[in-house]
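Model the full structure from these sequences, guided by the hints.
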Amino acid sequence: MFVRSSIGFLFSLTLCLPLVAQIPQQSQPVKDRAVQPATATSVVPQQRPIRFALRAARIGDRVQQRVGVEMQLKTLITQSGQTAHESDTTMRRQQQRLVEVTAVEGENFKAARVEFPLSRMQVPKELDPESAVADVLAPQPIEGKVYLVTRVDGKLKITDASGELPPVEEYKLVADSLATLGKPNLLARHLLKVQPQVGQRVLVPREIAKSLFGMNDDIGAIKRFELTLSELKAAPAGGFPLAVFMAKIETMPSETSPMEMSVEGKLTMEISTCRIVAAELAGPIGMSSEQQTAEGFFHYGVSGQLRMATSATYR
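The sequence shown lines up with residues -21 to -1, 1 to 294 when you count with mature numbering (1 follows the signal peptide of the UniProt record, and there is no 0).
Treat the hints with care, as some may be off.
Said to hold, decoys possible - Simulated restraints on C-beta separations: (1) Val125 with Lys245: 27 to 35 Å; (2) Pro96 with Asp67: 26 to 34 Å; (3) Ser66 with Ser233: 23 to 31 Å; (4) Thr272 with Gln75: 38 to 46 Å; (5) Gly265 with Gln174: 30 to 38 Å; (6) Gln75 with Ile38: 19 to 27 Å; (7) Val181 with Phe276: 38 to 46 Å; (8) Gln271 with Arg27: 56 to 64 Å; (9) Pro263 with Glu186: 23 to 31 Å; (10) His64 with Pro263: 17 to 25 Å.
FYI, nobody ran anything at the bench for these hints, they're computed from the structure.
Here the structure is a predicted model, which means the values were calculated and not measured.
For every residue, glycine included, the Cβ atom is placed at its ideal position computed from N, Cα and C.
See the structure below:
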(Lines of atoms letter the chains of each structure in order from A and count residues from 1; the text may use other names and numbers.)
(Lines give C-alpha, C1' and ligand atoms only; values in the text may rest on other atoms or scores of the structure.)
Protein backbone atom coordinates (compact mmCIF):
# COMPACT_ATOMS: atom_id res chain seq x y z
CA MET A 1 0.00 0.00 0.00
CA PHE A 2 1.05 3.62 -0.58
CA VAL A 3 1.52 4.51 3.10
CA ARG A 4 3.91 1.67 3.94
CA SER A 5 6.06 2.03 0.82
CA SER A 6 6.32 5.81 1.29
CA ILE A 7 7.44 5.46 4.92
CA GLY A 8 10.02 2.86 3.95
CA PHE A 9 11.48 5.03 1.22
CA LEU A 10 11.54 8.11 3.47
CA PHE A 11 13.60 6.20 6.02
CA SER A 12 16.08 5.20 3.31
CA LEU A 13 16.17 8.77 2.03
CA THR A 14 17.20 10.21 5.39
CA LEU A 15 20.32 8.05 5.35
CA CYS A 16 21.52 8.94 1.87
CA LEU A 17 20.85 12.66 2.20
CA PRO A 18 24.05 13.38 4.19
CA LEU A 19 26.18 11.94 1.39
CA VAL A 20 25.34 14.96 -0.77
CA ALA A 21 28.57 16.79 -1.61
CA GLN A 22 30.57 14.29 0.40
CA ILE A 23 32.97 13.35 -2.38
CA PRO A 24 32.39 16.12 -4.95
CA GLN A 25 32.73 15.70 -8.67
CA GLN A 26 33.49 18.22 -11.35
CA SER A 27 33.82 17.64 -15.05
CA GLN A 28 36.18 20.59 -15.49
CA PRO A 29 38.67 22.05 -12.99
CA VAL A 30 37.99 25.50 -11.57
CA LYS A 31 40.27 27.86 -13.48
CA ASP A 32 39.18 31.26 -12.16
CA ARG A 33 41.78 32.34 -9.59
CA ALA A 34 39.09 34.14 -7.62
CA VAL A 35 37.33 30.83 -7.09
CA GLN A 36 40.32 28.94 -5.68
CA PRO A 37 39.95 27.38 -2.19
CA ALA A 38 40.62 29.74 0.71
CA THR A 39 43.38 28.93 3.18
CA ALA A 40 42.48 26.90 6.23
CA THR A 41 43.08 29.80 8.63
CA SER A 42 41.32 32.60 6.78
CA VAL A 43 38.21 34.38 8.05
CA VAL A 44 35.62 34.94 5.33
CA PRO A 45 34.29 38.51 5.04
CA GLN A 46 30.53 38.68 5.68
CA GLN A 47 29.39 41.25 3.11
CA ARG A 48 30.39 40.05 -0.33
CA PRO A 49 29.33 37.33 -2.75
CA ILE A 50 30.66 34.02 -1.50
CA ARG A 51 32.55 32.07 -4.12
CA PHE A 52 32.18 28.38 -3.47
CA ALA A 53 34.55 25.88 -5.07
CA LEU A 54 34.74 22.19 -5.86
CA ARG A 55 37.53 19.79 -5.04
CA ALA A 56 38.39 16.83 -7.24
CA ALA A 57 38.19 13.38 -5.67
CA ARG A 58 41.56 11.94 -4.61
CA ILE A 59 42.66 8.43 -3.77
CA GLY A 60 42.90 8.23 0.00
CA ASP A 61 40.12 10.76 0.72
CA ARG A 62 38.31 9.59 3.86
CA VAL A 63 35.18 10.67 5.68
CA GLN A 64 33.57 9.43 8.88
CA GLN A 65 29.83 10.06 9.15
CA ARG A 66 27.28 9.73 11.92
CA VAL A 67 23.58 9.78 11.13
CA GLY A 68 20.56 9.68 13.43
CA VAL A 69 16.92 9.61 12.30
CA GLU A 70 13.68 9.50 14.28
CA MET A 71 10.08 9.50 13.10
CA GLN A 72 7.14 9.70 15.52
CA LEU A 73 3.98 8.69 13.71
CA LYS A 74 0.28 8.55 14.45
CA THR A 75 -1.73 6.14 12.29
CA LEU A 76 -5.51 6.28 11.90
CA ILE A 77 -7.55 3.89 9.76
CA THR A 78 -11.29 4.36 9.40
CA GLN A 79 -13.78 1.96 7.83
CA SER A 80 -16.97 3.52 6.52
CA GLY A 81 -16.56 6.43 8.92
CA GLN A 82 -15.75 4.31 11.98
CA THR A 83 -12.29 4.02 13.57
CA ALA A 84 -10.84 0.62 12.67
CA HIS A 85 -7.30 1.16 13.92
CA GLU A 86 -5.36 3.85 15.77
CA SER A 87 -1.77 3.74 16.98
CA ASP A 88 1.27 5.82 17.91
CA THR A 89 4.64 4.50 16.80
CA THR A 90 8.27 5.54 16.78
CA MET A 91 10.86 4.57 14.15
CA ARG A 92 14.57 5.17 14.70
CA ARG A 93 17.72 4.60 12.71
CA GLN A 94 21.38 5.14 13.60
CA GLN A 95 24.35 4.65 11.34
CA GLN A 96 28.08 5.30 11.30
CA ARG A 97 30.06 4.78 8.13
CA LEU A 98 33.65 5.21 7.03
CA VAL A 99 34.19 5.93 3.34
CA GLU A 100 37.64 5.84 1.73
CA VAL A 101 38.18 6.59 -1.95
CA THR A 102 40.23 3.80 -3.52
CA ALA A 103 40.06 4.74 -7.21
CA VAL A 104 39.41 7.85 -9.29
CA GLU A 105 38.90 8.43 -12.99
CA GLY A 106 40.40 11.76 -13.92
CA GLU A 107 39.03 14.08 -11.25
CA ASN A 108 35.97 11.95 -10.52
CA PHE A 109 35.20 9.30 -7.93
CA LYS A 110 35.27 5.73 -9.21
CA ALA A 111 35.47 3.34 -6.24
CA ALA A 112 35.51 3.31 -2.44
CA ARG A 113 35.93 1.06 0.55
CA VAL A 114 32.98 1.50 2.92
CA GLU A 115 32.77 0.25 6.49
CA PHE A 116 29.68 0.35 8.73
CA PRO A 117 30.83 0.25 12.40
CA LEU A 118 27.20 0.88 13.40
CA SER A 119 23.92 0.41 11.53
CA ARG A 120 20.77 -0.07 13.60
CA MET A 121 17.07 0.34 13.02
CA GLN A 122 13.90 0.24 15.11
CA VAL A 123 10.71 -0.65 13.25
CA PRO A 124 7.22 -0.83 14.84
CA LYS A 125 5.70 -4.30 15.07
CA GLU A 126 2.75 -3.29 12.91
CA LEU A 127 5.02 -2.47 9.97
CA ASP A 128 6.93 -5.74 10.27
CA PRO A 129 4.72 -8.26 12.15
CA GLU A 130 7.09 -11.18 11.52
CA SER A 131 10.20 -9.46 12.85
CA ALA A 132 11.67 -10.92 16.03
CA VAL A 133 13.31 -7.60 16.92
CA ALA A 134 10.45 -5.17 16.19
CA ASP A 135 10.30 -2.13 18.51
CA VAL A 136 14.02 -2.61 19.32
CA LEU A 137 16.95 -0.62 17.94
CA ALA A 138 18.46 -3.77 16.45
CA PRO A 139 21.66 -4.29 14.42
CA GLN A 140 21.23 -4.57 10.66
CA PRO A 141 23.10 -7.19 8.60
CA ILE A 142 25.66 -4.63 7.39
CA GLU A 143 26.83 -3.60 10.88
CA GLY A 144 30.50 -4.33 11.44
CA LYS A 145 31.11 -5.21 7.79
CA VAL A 146 33.17 -3.77 4.93
CA TYR A 147 32.03 -3.36 1.32
CA LEU A 148 33.72 -2.37 -1.92
CA VAL A 149 31.62 0.08 -3.93
CA THR A 150 32.09 1.15 -7.55
CA ARG A 151 29.90 3.42 -9.66
CA VAL A 152 29.66 1.98 -13.18
CA ASP A 153 27.56 3.69 -15.87
CA GLY A 154 25.72 5.64 -13.20
CA LYS A 155 24.88 2.59 -11.07
CA LEU A 156 26.46 1.26 -7.89
CA LYS A 157 28.23 -2.09 -7.99
CA ILE A 158 28.66 -3.56 -4.50
CA THR A 159 30.71 -6.50 -3.26
CA ASP A 160 31.83 -7.64 0.17
CA ALA A 161 35.43 -7.24 1.36
CA SER A 162 36.49 -10.41 -0.48
CA GLY A 163 34.93 -9.28 -3.76
CA GLU A 164 31.90 -11.57 -3.55
CA LEU A 165 28.32 -10.46 -4.13
CA PRO A 166 26.65 -9.89 -0.72
CA PRO A 167 23.17 -11.21 0.18
CA VAL A 168 20.28 -9.29 -1.37
CA GLU A 169 19.27 -7.63 1.92
CA GLU A 170 22.80 -6.37 2.55
CA TYR A 171 23.16 -5.18 -1.04
CA LYS A 172 19.96 -3.15 -0.77
CA LEU A 173 20.90 -1.62 2.60
CA VAL A 174 24.31 -0.53 1.31
CA ALA A 175 22.84 0.81 -1.94
CA ASP A 176 20.16 2.78 -0.06
CA SER A 177 22.74 4.28 2.31
CA LEU A 178 25.12 5.28 -0.50
CA ALA A 179 22.61 6.28 -3.19
CA THR A 180 24.28 9.64 -3.86
CA LEU A 181 27.89 8.47 -3.55
CA GLY A 182 29.94 9.43 -6.61
CA LYS A 183 27.18 11.42 -8.29
CA PRO A 184 27.85 14.92 -9.65
CA ASN A 185 27.46 17.63 -7.01
CA LEU A 186 24.69 19.63 -8.69
CA LEU A 187 24.02 21.79 -5.63
CA ALA A 188 27.65 22.90 -5.54
CA ARG A 189 27.57 23.86 -9.20
CA HIS A 190 24.40 25.86 -8.56
CA LEU A 191 26.06 27.72 -5.68
CA LEU A 192 29.09 28.43 -7.85
CA LYS A 193 26.81 30.25 -10.28
CA VAL A 194 24.66 32.05 -7.70
CA GLN A 195 27.49 33.24 -5.39
CA PRO A 196 25.10 34.18 -2.54
CA GLN A 197 25.71 36.83 0.11
CA VAL A 198 24.91 36.44 3.79
CA GLY A 199 21.15 36.82 4.21
CA GLN A 200 20.37 35.87 0.62
CA ARG A 201 17.81 33.15 -0.09
CA VAL A 202 18.62 30.68 -2.85
CA LEU A 203 15.83 28.72 -4.53
CA VAL A 204 17.18 25.40 -5.74
CA PRO A 205 15.60 23.98 -8.93
CA ARG A 206 13.35 21.00 -8.26
CA GLU A 207 15.27 18.68 -10.54
CA ILE A 208 18.50 19.45 -8.68
CA ALA A 209 16.80 18.79 -5.35
CA LYS A 210 15.38 15.51 -6.64
CA SER A 211 18.78 14.37 -7.86
CA LEU A 212 20.62 15.45 -4.71
CA PHE A 213 18.38 13.54 -2.34
CA GLY A 214 17.90 10.50 -4.55
CA MET A 215 14.15 11.07 -4.48
CA ASN A 216 11.83 8.89 -6.50
CA ASP A 217 8.08 8.95 -6.95
CA ASP A 218 7.48 7.19 -3.59
CA ILE A 219 8.02 10.40 -1.63
CA GLY A 220 5.81 12.77 -3.60
CA ALA A 221 6.77 15.79 -5.67
CA ILE A 222 9.27 18.48 -4.70
CA LYS A 223 7.36 21.67 -3.96
CA ARG A 224 10.22 23.85 -2.74
CA PHE A 225 13.84 23.56 -1.70
CA GLU A 226 15.42 26.76 -0.48
CA LEU A 227 18.64 27.71 1.26
CA THR A 228 19.31 30.99 3.08
CA LEU A 229 22.95 31.77 3.80
CA SER A 230 22.75 32.77 7.46
CA GLU A 231 26.37 33.10 8.56
CA LEU A 232 30.01 32.39 7.78
CA LYS A 233 32.45 30.77 10.17
CA ALA A 234 36.23 30.84 10.27
CA ALA A 235 38.07 27.64 9.47
CA PRO A 236 38.34 25.13 12.31
CA ALA A 237 41.78 23.68 13.03
CA GLY A 238 42.96 21.81 9.95
CA GLY A 239 39.80 22.64 8.03
CA PHE A 240 38.22 25.17 5.68
CA PRO A 241 35.97 28.22 6.23
CA LEU A 242 32.32 27.26 6.64
CA ALA A 243 28.99 28.51 5.31
CA VAL A 244 25.87 27.93 7.41
CA PHE A 245 22.56 27.75 5.54
CA MET A 246 19.02 27.67 6.86
CA ALA A 247 17.40 24.96 4.76
CA LYS A 248 13.75 24.27 4.00
CA ILE A 249 12.44 21.31 1.99
CA GLU A 250 8.78 20.84 1.09
CA THR A 251 7.13 18.04 -0.84
CA MET A 252 3.52 17.61 -1.89
CA PRO A 253 1.35 14.62 -2.85
CA SER A 254 1.70 13.38 -6.40
CA GLU A 255 -0.12 10.92 -8.63
CA THR A 256 2.05 8.11 -7.34
CA SER A 257 2.43 9.03 -3.65
CA PRO A 258 0.23 10.65 -0.97
CA MET A 259 3.22 11.83 1.07
CA GLU A 260 3.93 15.43 1.98
CA MET A 261 6.49 16.91 4.33
CA SER A 262 7.94 20.24 5.38
CA VAL A 263 11.30 20.04 7.14
CA GLU A 264 13.75 22.79 7.96
CA GLY A 265 16.96 23.32 9.86
CA LYS A 266 20.67 24.04 9.41
CA LEU A 267 23.12 22.82 6.81
CA THR A 268 26.83 23.58 7.26
CA MET A 269 29.16 23.31 4.28
CA GLU A 270 32.84 23.90 3.55
CA ILE A 271 33.10 26.89 1.22
CA SER A 272 36.24 25.65 -0.53
CA THR A 273 34.98 22.10 -1.23
CA CYS A 274 31.15 22.20 -0.91
CA ARG A 275 31.38 19.19 1.43
CA ILE A 276 28.62 19.01 4.04
CA VAL A 277 30.00 18.80 7.59
CA ALA A 278 26.72 18.93 9.53
CA ALA A 279 22.98 18.97 8.96
CA GLU A 280 19.96 19.11 11.25
CA LEU A 281 16.45 18.92 9.82
CA ALA A 282 13.05 18.54 11.49
CA GLY A 283 9.40 19.04 10.68
CA PRO A 284 5.99 17.50 10.06
CA ILE A 285 5.27 14.67 7.63
CA GLY A 286 1.95 13.21 6.60
CA MET A 287 0.15 11.07 4.08
CA SER A 288 -3.29 9.67 3.42
CA SER A 289 -4.97 7.34 0.96
CA GLU A 290 -8.40 5.86 0.36
CA GLN A 291 -9.50 2.43 -0.80
CA GLN A 292 -12.86 0.89 -1.65
CA THR A 293 -13.12 -2.82 -0.80
CA ALA A 294 -15.83 -5.43 -0.36
CA GLU A 295 -15.67 -4.72 3.40
CA GLY A 296 -16.34 -1.01 2.90
CA PHE A 297 -14.60 2.30 2.31
CA PHE A 298 -11.21 2.61 4.04
CA HIS A 299 -9.25 5.77 4.76
CA TYR A 300 -5.58 5.46 5.78
CA GLY A 301 -3.89 8.43 7.43
CA VAL A 302 -0.44 8.93 8.93
CA SER A 303 0.91 12.12 10.51
CA GLY A 304 3.93 12.85 12.62
CA GLN A 305 7.34 14.44 13.01
CA LEU A 306 10.67 13.70 11.35
CA ARG A 307 14.00 14.57 12.98
CA MET A 308 17.40 13.96 11.42
CA ALA A 309 20.94 14.95 12.37
CA THR A 310 24.27 14.14 10.75
CA SER A 311 27.90 15.09 11.10
CA ALA A 312 30.97 14.36 8.98
CA THR A 313 34.70 14.42 9.66
CA TYR A 314 37.03 14.55 6.65
CA ARG A 315 40.61 13.36 6.62
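- prompt: In this structure, is the beta-carbon distance linking glutamine 75 and isoleucine 38 contained in 19 to 27 Å?
  reply: With a Cβ separation near 23 Å, glutamine 75 and isoleucine 38 satisfy 19 to 27 Å, so the hint holds.
query: Does the Cβ distance between valine 125 and lysine 245 fall inside 27 to 35 Å?
result: holds, 32 Å
- prompt: Between glycine 265 and glutamine 174, does the beta-carbon spacing fit 30 to 38 Å?
  reply: holds, 36 Å
task: Could you see if the CB distance from valine 181 to phenylalanine 276 stays within 38 to 46 Å?
output: Roughly 45 Å apart at Cβ, these two residues keep to the hinted range, so it holds.
query: Between glutamine 271 and arginine 27, does the C-beta distance stay in 56 to 64 Å?
result: With Cβ atoms ~60 Å apart, the hint holds.
- prompt: Cβ-Cβ distance between histidine 64 and proline 263: within 17 to 25 Å?
  reply: Taking Cβ atoms as reference, histidine 64 and proline 263 lie about 21 Å apart, which means the hint holds.
- prompt: In this structure, is the beta-carbon distance linking proline 263 and glutamate 186 contained in 23 to 31 Å?
  reply: Holds: the Cβ-Cβ distance is about 25 Å, inside 23 to 31 Å.
- prompt: Between serine 66 and serine 233, does the C-beta distance stay in 23 to 31 Å?
  reply: holds, 26 Å
query: That 38 to 46 Å hint for threonine 272 and glutamine 75 (C-beta), does it hold up?
result: holds, 44 Å
message: Quick check: does the Cβ-Cβ distance between proline 96 and aspartate 67 fall within 26 to 34 Å?
response: For aspartate 67 against proline 96, whose Cβ atoms are near 32 Å apart, the range 26 to 34 Å holds.
In summary, this structure violates none of the numbered hints.
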